[in-house]
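Position in the sequence shown counted from 1, then plus 148, gives you this note's numbering.
These aren't lab readings, by the way, just hints derived from the structure by calculation.
Heads up, some of the hints might be wrong.
Unchecked claim - Just the calculated beta-carbon pair ranges, DEER-fashion:
#1 D223 / E171: 28 to 34 Å
#2 D223 / E199: 36 to 42 Å
#3 I161 / I211: 16 to 22 Å
Backbone N, C-alpha and C fix where the C-beta goes; we use that ideal spot for every residue, glycine too.
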Amino acid sequence: MIFGPARHPCEFIFVPAHSGAAEDEGWLMGFVIDTASETTDLTILDARNFEAPPLASVRIPHIVPPGFHGNWVADAG
Numbered sequence: 149m150i151f152g153p154a155r156h157p158c159e160f161i162f163v164p165a166h167s168g169a170a171e172d173e174g175w176l177m178g179f180v181i182d183t184a185s186e187t188t189d190l191t192i193l194d195a196r197n198f199e200a201p202p203l204a205s206v207r208i209p210h211i212v213p214p215g216f217h218g219n220w221v222a223d224a225g
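Given only the sequences and the hints, what does the whole structure look like? Please build it.
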């Protein structure tokens, strides 16, 4: 999925459709930051169809800072 100019996806998480769901049976949910409008969209995608438009999107009227999950931070000690 291409989100457009000035739009930057953060790390998405997989939400299974139900217990025992196949590894692609569910949704991908994550933030997409729009640096031009200084907003963030909580975006939900169909995990089986990345080419489709988002299933849902909720506009947040400010930039949600990216989290540290999934980032490597070396031990400074």
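Structure-based check of all given hints:
Taking 28 to 34 Å as the suggested C-beta distance range, the pair D223 and E171 conforms, at roughly 32 Å. Checked against the given bound of 36 to 42 Å, the beta carbons of D223 and E199, roughly 41 Å apart, stay inside it. A hinted range of 16 to 22 Å for the beta carbons of I161 and I211 is consistent with their spacing of about 19 Å.
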